[in-house]
Amino acid sequence: MLKFALAGNPNCGKTTLFNALTGSTAHVGNWPGVTVDKKEGTYKKLPEPVAIVDLPGIYSLSPYTPEEVISRNYIIDEKPDCVINIIDATNLERNLYLTTQIMEIDVPVVVALNMMDAVKKSGDKLDAVKLERALGIPVVEISALKNEGIPALMERAWQAAACAREGSTVLCGSALSHVIDDVKIALKGKGVPSPLFHAVKLVEGDELEVKNHPDEVAMVEAFKEQHSDDVFGGDFEAMVADERYKYISAHFSTAFTRAQKSEKLTKSDKADRVLTHRIWGIPIFLVILFAIFHLTFGEDLFYLNAMFGFAKDVDGSGYAVLTGNDVLNAFIAVFYSTAGVSTPGAIVFNLMGFVTDQIGGGIAAGLENAGAYEWAQGLVNDGIWGGLSGILSFIPQILVLFLFISILEDSGYMARVAFILDRAFRKFGLSGRAFIPMIMGFGCSVPAAINTRTLADEKERIMTNRVIPFFTCGAKAPILAAVCGAIASEFTGVNADLLVFALYVFGMAMAIVMVAFMRQTSMRGEVAPFIMELPAYHAPQLYNLMVHLWDKLKHYIKKAFTIILASSIVIWFLSHFSWEWHYLADEQINESILHDIGAFVQWICTPMGFGYNTSELRTFGWVFVVAAVTGLIAKENVITTFYVLAPAIGAVLPGWDDGESGIGAVVALMNATGITWQGLLAFTVFNMLTVPCFAAAATVKAETPKGKFRYTVAFWMLTSYITAAAVFLILSWWWTALIIAAVIAAVVAFFILRNKGKIRLNFKKKETQRE
Amino acid sequence: MEKKLNEFKPGERGVVRRIEGEGQIRRRLFDMGVTPGADILLRKVAPLGDPVEVNLRGYELSLRKAEASCVVMEVK
Chain A
12 MLKFALAGNP NCGKTTLFNA LTGSTAHVGN WPGVTVDKKE GTYKKLPEPV AIVDLPGIYS
72 LSPYTPEEVI SRNYIIDEKP DCVINIIDAT NLERNLYLTT QIMEIDVPVV VALNMMDAVK
132 KSGDKLDAVK LERALGIPVV EISALKNEGI PALMERAWQA AACAREGSTV LCGSALSHVI
192 DDVKIALKGK GVPSPLFHAV KLVEGDELEV KNHPDEVAMV EAFKEQHSDD VFGGDFEAMV
252 ADERYKYISA HFSTAFTRAQ KSEKLTKSDK ADRVLTHRIW GIPIFLVILF AIFHLTFGED
312 LFYLNAMFGF AKDVDGSGYA VLTGNDVLNA FIAVFYSTAG VSTPGAIVFN LMGFVTDQIG
372 GGIAAGLENA GAYEWAQGLV NDGIWGGLSG ILSFIPQILV LFLFISILED SGYMARVAFI
432 LDRAFRKFGL SGRAFIPMIM GFGCSVPAAI NTRTLADEKE RIMTNRVIPF FTCGAKAPIL
492 AAVCGAIASE FTGVNADLLV FALYVFGMAM AIVMVAFMRQ TSMRGEVAPF IMELPAYHAP
552 QLYNLMVHLW DKLKHYIKKA FTIILASSIV IWFLSHFSWE WHYLADEQIN ESILHDIGAF
612 VQWICTPMGF GYNTSELRTF GWVFVVAAVT GLIAKENVIT TFYVLAPAIG AVLPGWDDGE
672 SGIGAVVALM NATGITWQGL LAFTVFNMLT VPCFAAAATV KAETPKGKFR YTVAFWMLTS
732 YITAAAVFLI LSWWWTALII AAVIAAVVAF FILRNKGKIR LNFKKKETQR E
Chain B
26 MEKKLNEFKP GERGVVRRIE GEGQIRRRLF DMGVTPGADI LLRKVAPLGD PVEVNLRGYE
86 LSLRKAEASC VVMEVK
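Protein chains in written order, with our numbering: chain A, 12 to 782; chain B, 26 to 101.
Because the hints were derived from the structure by calculation, they are not lab data.
Among the clues, some could well be false.
[Stated by the list, open to error] Heads up, simulated BS3-like pairs for lysine-lysine below, C-alpha to C-alpha not over 27 Å straight-line:
id, chain 1, residue 1, chain 2, residue 2
1, B, K101, B, K90
2, A, K281, B, K34
3, B, K69, B, K34
4, A, K281, B, K69
5, A, K281, B, K90
6, A, K278, A, K257
7, B, K69, B, K29
8, A, K712, A, K565
9, A, K438, B, K34
10, A, K141, A, K201
11, A, K438, B, K101
12, B, K69, A, K438
13, B, K101, A, K257
14, B, K90, B, K69
15, A, K278, B, K29
16, A, K131, A, K281
17, A, K470, B, K34
18, A, K438, B, K90
19, A, K278, B, K69
20, A, K56, A, K14
21, A, K157, A, K201
22, B, K28, B, K101
23, A, K141, A, K157
24, A, K56, A, K136
25, A, K278, A, K90
26, A, K201, B, K90
27, A, K136, A, K14
28, A, K157, A, K235
29, A, K767, B, K101
30, A, K565, A, K55
31, B, K28, A, K257
32, A, K157, A, K563
33, B, K90, A, K257
34, A, K157, A, K14
35, B, K28, B, K69
Only a predicted model underlies this, so the values are computations on that prediction, with no experimental measurement involved.
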């Protein structure tokens, strides 16, 4: 099967083209291997099916960011049969800069001029034929979005793949052409593939090439000594870049005629004026963030009911609208309940709850009528269905959150957020660029950790990866919602929404504090540069959003029916069998294997409020320990475990028609174990900050340099333990705040003084003496 | 008249004379099209006073004042 690679600048419509090419047959997934994130699919409309590989978006083939190295190594080592270079026609010069580099590799190249519709719309003209003649490689006009010109593109690529192509360069007229030629001939003599590409990179002083071809470096050095230049001196890297752009402006840009520019602002400019306004920019961002969480997790749309109080409980029935039919009552409550009009997040959540309640009730009744064994009923109701419905009921809400985050990404606003916040972030030692993966972390830590690849600075990448889990992901959100909902229902005057929001903000604050701490200790150094394209705003594409959501949905369904189902069954077995493999009824839980395991480590959790704090907690608190441990497999497990274990320790669940999933379980556990609200919050904070789920931890391991992962795990464990303990202590006894503040102040003062050279540690001295 | 890009005010326009500084920042600037001869318009300053947004080669680029100070401009 032939292999075509898609390469191009970030944001040039590559993924849109990839989706258009591979369509519904696309098997979008990560490749095996660690640092690879190339998507693969198949195009079937040619005489033979063709494999399509989507490479990460890049500006250049320089070796500064991991994604550039991935793309470059792929084209050189894997030798695709053709490279399809996608170019944003509205941004010709900068896109062609990459083209001039790809052309130097010995590989067939076809240029796809994307977004031609936008060019025509703005009245500009781009002559593709003229451009093709100037470049010397096929150029095809397409619109990936409208699915235009794609068969023609693939036809040209198919033809191009049939014959080999030798690299060509735009540098032949420059002062460097001689040395490039000499190095190229030397490399060719050695049988190096793509000698021209390597020769140019060697002349630029590219780190990777210098390492691989030490002999030819001498040739470049010799040339450098003779060469002198007024503008660049001996900086060949600058000369090469300059030559490329000069050549592009002189030869290629002539194919482009700009329409007479009117002074009218484009829609994008108008939007930008408001969204990055000097005064309103930051408040608008905060409002958008709050609105997203409100629309996802809130129950009372825009607090209408809180303000006007129109939703009333009819006759103490628990419903705001009462009809004669129970099922109909429950169905109406999905949209309009005693809490008021439901938000979109609440609607999908309630709907799913409505469905799972009906199914769960049916299963339980069916088993009872069939006269199944007691243990079989328990296994199916609590172990299997309890675990499954636990995660199924959260999926819609997670998807809603994900949808909002995708809209922010797709519209171009996310890049502006980085722009607005860079200054604030720099104070703590990160660039605004790092904020994009962090905010993606609200959806899921896995894509967020992969996104850190766009950060050029290694220290920044490590730090960002470490704090990404502090941005509460969709799977942790149910823990917050359940705990805060439970606290709000037990204590009057507590607003669950605000408490959830406060915890989100607390996670963000912890991320910032820990970055600042690492900057002062293990990750000292300068903040990475911030040079970033701000893409034009555009309305999010419905199709793209749906593809995104479908991907996510598949991921969660798979997770629900594999790892989460398996672990909830395992938990059920461990909690209902003793070491001698006797089946235990719910009330004999104290003899179970799970109890012993949880109780064994429970004493450690005393400072966090769910250890040996009271005799009641000493007996039942192990439930929280087990829940936290199962959370390591997947964070959705935490509440699921509550559901499985609650009946076992005698906590009375509100029954299957509990519309507010999770909250009921937590309330039941509060009553059964006697855990304080401070302990519950500490438990939540612990789960927010500790080692993330296996999938996220594995991704972070893959995205950070070798040997750093064990420190990362230690970092997560210590941070979560210490912070959760501090939260519990301060909330329980206010005066402990003074002691903790004093300790923190002492630590901070120590590190600041040490960094200023006022305190010296003697470790190094001793080592040298020993030598 | 020569002036550094970080000293520009919103709405000011100029042509790049040369790039100072070294290493990665310099290379990034080149890759993004900030090369001698490029026409640059300073669009706006971020709410907290840094970074700045410029328009060049038909697109919008954001960079910090620290990086902008490497870019020596000729004011039109």
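Taking each numbered hint in turn, which are not upheld by the structure, reported in ascending numerical order? 6, 10, 11, 15, 17, 21, 24, 25, 26, 27, 28, 29
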